[in-house]
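Visitor: Work out the full structure: start from the sequences and follow the hints.
Listed below are the residues making up each chain.
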Amino acid sequence: MPFAKAMRISSRSELFGFLVTNRRPFSPLNRLEYAGPFITRDQRRQKRGRVRKQLRFWELMRRSLRIIVWLCLLVFVVPNSAHAYVGPGAGFALAGSFFAVFAAIFSAFLMLLTWPARLLIRHFWGRKAPAKARFKRVVILGLDGLDHELTAKMLEEGQLPNLAKLRDQGGFQSLRSTLPPISPVAWSSFQTGVNPGKHNIFDFLVPDEQTYLPKMSSVEIRAPKKIWRLGKWALPFTRSDIRLLRKSKPFWSILSDYGIFSCILRVPITFPPEKLHGVQLSAMCVPDLRGTQGEFTRFTTKPLEQDKTYGGDVVAVTRHGKVVSCELAGPPHPSKPKLGPLKVTLQITIKDQNQATLKVGGETLVLRRGEYTDWVSVTFRSGFSIRVSGVCKFLLLSVEPDFELYVTPINIDPEKPAMQIGYPSVYPIYLAKRQGPYATLGLAEDTWGLNEQVLSDDHFYQQCHNTDLERESMFFDALDKVPRGLCVCVFDGTDRMQHMFWRYHDQQHPARPAEIPALHANAIGDLYQRMDQLVGRTMEKCEGTDTMLMVLSDHGFNSFRRGIDLNRWLEENGYLKVDDARRGEDYLAGIDWQKTRAFAIGLTGIFLNLKDRFSQGIVEDGDEANQLRNEIVERLSGLIDPLTETKAFRRIYQAAMVYSGPYKNQAPDLIIGYERGYRVSWEAANGQTSRDVFHSNTRAWSGDHCVDPSVVPGVLFCSQSLLTEQPRLVDIGPTVLDLFGIAAPAYMDGKALSIGERNGSADHAVETTPVTVT
Amino acid sequence: MSDLTIRATTQLNQIANGIGRLLLSPLGSLPAFFGAVVVAIVTGILMLIAFKYTSHQSAMKKIRSGIKAELLALSLFKDSIAVSLGSQWRIVAGALKSILVSLIPIACMIVPVTLLLGQLSLWWQARPLQVGEDTVITLNLAGNEKSSWPEVDLEPSPAVQTNVGPVRIRSKRSICWNLQALEPGYHNLVFHVDGQNVEKQLAVGQHPMRTSIQRPAWNWTDVVLYPAEPPFDPKSPVKSIEIQYPPSSGWATGTQSWLIFWFIGSTIVAFCFRGVFKVTL
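Protein chains in written order, with this note's numbering: chain X, 3 to 776; chain U, 36 to 316.
The hints are simulated quantities; they were obtained by calculation from the structure and are not laboratory data.
Per the computed footprint, the stretches of chain U lying under chain X, defined by three or more beta-carbons under 8 Å from a beta-carbon of chain X, are: (1) 99-105; (2) 109-117.
Okay, derived cross-link-like pairs now, DSS-like style, lysine-lysine, Cα gap no bigger than 25 Å in a straight line: (3) Lys-361/X / Lys-345/X; (4) Lys-313/U / Lys-361/X; (5) Lys-613/X / Lys-666/X; (6) Lys-277/X / Lys-251/X; (7) Lys-324/X / Lys-353/X; (8) Lys-130/X / Lys-251/X; (9) Lys-324/X / Lys-361/X; (10) Lys-134/X / Lys-753/X; (11) Lys-130/X / Lys-113/U; (12) Lys-217/X / Lys-340/X; (13) Lys-597/X / Lys-613/X; (14) Lys-96/U / Lys-361/X; (15) Lys-113/U / Lys-134/X; (16) Lys-579/X / Lys-217/X; (17) Lys-113/U / Lys-138/X; (18) Lys-207/U / Lys-270/U; (19) Lys-249/X / Lys-277/X; (20) Lys-543/X / Lys-113/U; (21) Lys-579/X / Lys-597/X; (22) Lys-87/U / Lys-103/U; (23) Lys-313/U / Lys-345/X; (24) Lys-103/U / Lys-277/X; (25) Lys-87/U / Lys-361/X; (26) Lys-277/X / Lys-113/U.
By construction, the Cβ of each residue, glycine as well, lies at the ideal position given by its N, Cα and C atoms.
Guide: As structure tokens, then:
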């Protein structure tokens, strides 16, 4: 996977504050312990009975303490001057609580006092929408990768009752995705209402024009500008410069101009966060603490394999009796990069086959085999002043015969973020205070852990499920906190689950095992049903409010059975020259640029080695390039898979012809529209050149959507009737603007969809919008 | 309060006096402000540790995080008055919950802290008499106005000189003397009451000393507030004996301010060290 290692950044983060201790889960048992006075006597008696069996000792303690409390309360009731001697115990409680109450009352007072003035200012000086908003609130629930065909089938079979209800109440249609139909491109078009030629995102990665090395398409992270060097020490005095490369303007920025509040949760390609009137939590492209897009760590006593492990570090450890000591690598050293990453020491003491204890940062945790810990805070220190805090989960995989411990990528600690991951910067902190630590990494679910067979299906499923629960908590809080305005939340676990579990859905898949684990046999169907329940809960939350709800996906899904090595095809057809000894190296390493006219890297297409674009380019722009493009399209279009004897491509697009806008020259020259079941091979995506054009995909990553957009349309459910036929993802932004009474800017490619009135009639004429990509 | 409580408190006071004499003796030689700061630091840290192990830290952490979240919500979602008022209500509710959760540590700490404050009051509630300085000593008799009036006199002592007295205030059943301190040190004043001897401590000196303002009556509040000497038995003809010591000066150890200084000081110390000891307050 090129993304994980290519995204390493040299961010330096100074954090102040204390290491957050490991949180004890707020289990019902814990809740009972402190919520005792608030429950009824019967409930208390029943619950006390259950607790007594497990925690007799603590029950006794609690009873004794309760007696003391009542005695003390009695003392307080009797009026005498000993009241002065309540001591600092009460002082702590009162001082903290007093501050909170004071802040609450003061802010309420200030708010009520200034409210009329603020209302007047907004009324007279604020920019107002030209027309009246049709709804107080628009809620968009994004379910990344929810496939239209599968959804329609399950709806027909009555397996998705809540989505069926939404369909019956309003409408359900397929939603045309972008070219290519992949998340960074699609969600960028969703938020800006423009085609990729105007927002500049064409893939996850783009080759650097000087070095040909892949770099992130949406984010550029530059080293701090001011660095003082003292011998070996380099002391940065500013933070890393993080720039969003997505161009154009999200539609919620336009809403902000009109004073309309927006809450944008985990919409891909929103990192670094942009200023808006509202709150935002970034998603895809938020790095982990090492600066990668998610790098797991596996500690093992097994001898290390020679094969390269993608997406993670495998660290050999030695077991001394019952103790295993190791170091977890964190961010690069901020002042002496040559020293390597900062590290935290882990000490694991094995108790038995199923249990061990882990000491990290002064905390002791219990590890149970096969169970994730809660989020654990790890603080990486350098000297006295630098502390970088992250959160990760530990999973004890095995104790005998070999010790194996998995650690998730180290997420940026949302409570003490090392870099801005939301807007305003306190919003992620607010969420962490409200619901505890949560995954902040752009791609939160560790697909590489499963792909590299470090994790089992169950472990991966647990990750997805837990991430969804965290997301739901923040989404529902947003619904509570935003009664007026826009609320968008994207759940991308649907995408990750389908990528990894499609082999159980597709009976012809090469990665499908002979025996399907019963729990995951219907993993995709169960996922869709789980999302249907989420929609049901969302509808319940919106009930009785003046809300329009849209449920949509950025693209659909299909099987990834066969991978096509485009670089091998280019080599075989004389467009690319590679050093035979280095063909297995990543990132186009062995390519002879003086003899290469076209190459492939990333997921979407083929680049011409243009003189005007790349440092070692040899193809002249203009006629030569056009002729080369046409030639490759013609020859490649007829490629037949010898195994299936079918065409591998539905259509090959020339970027110059399908995109419009100032950035269309940044696109790959040719965008490949693969047929159902095909995708670029793993080798070509990484910039390698293998010896075969076609490869069977035997990895767990078995479903994909990097195909022709017509193969994988997304879904659009709406609580109001949809009168436009063939809606597109780019139409959503203009539609939301229209719902708030704001005309979409002329530069937007999308058109406002016709949404029916509440009584069922249309307020726009029925129209058919043109399709951008055909 | 029942006799049992008073007897238990008296026993606790005896233990506290023993420990207090030992541990707080440096207060006699340290500068007053420095002594007050040291006491605030040490007790703040000790209380912090006690709080850590007697409170439900995870519940406290959750409540505190909830309060902080709602405080942040006030600035994040200020567009909606209803949402802001909701946050404010949850802050108040959270504050009340945190007080409820703090009741157990308060209950655990109240006894040792009360004893500690009793000991501190001996040092800072009043200053000792200086040689040549006058004071009034009042002996309060048990019984009511109709009760018989016992024979009371103060045994002469080289440490003090009686200037005026005894003066009997029949309505209050009190007898007063005006005394002048002659010798520095701790002295025992002996009173003869109907042939029975009762004693009261007197502190005379330049430097800070333990001053027992009152030998208390058989009353729980007085026993708590004046721990240095044992209370008079309920059957004793004497109810209490009180000495009017001059008030302490100084804003850290003054009569009016020492308790406030200690309370605020120890709380600030606890807040400062909560990260070191990983305690959620």
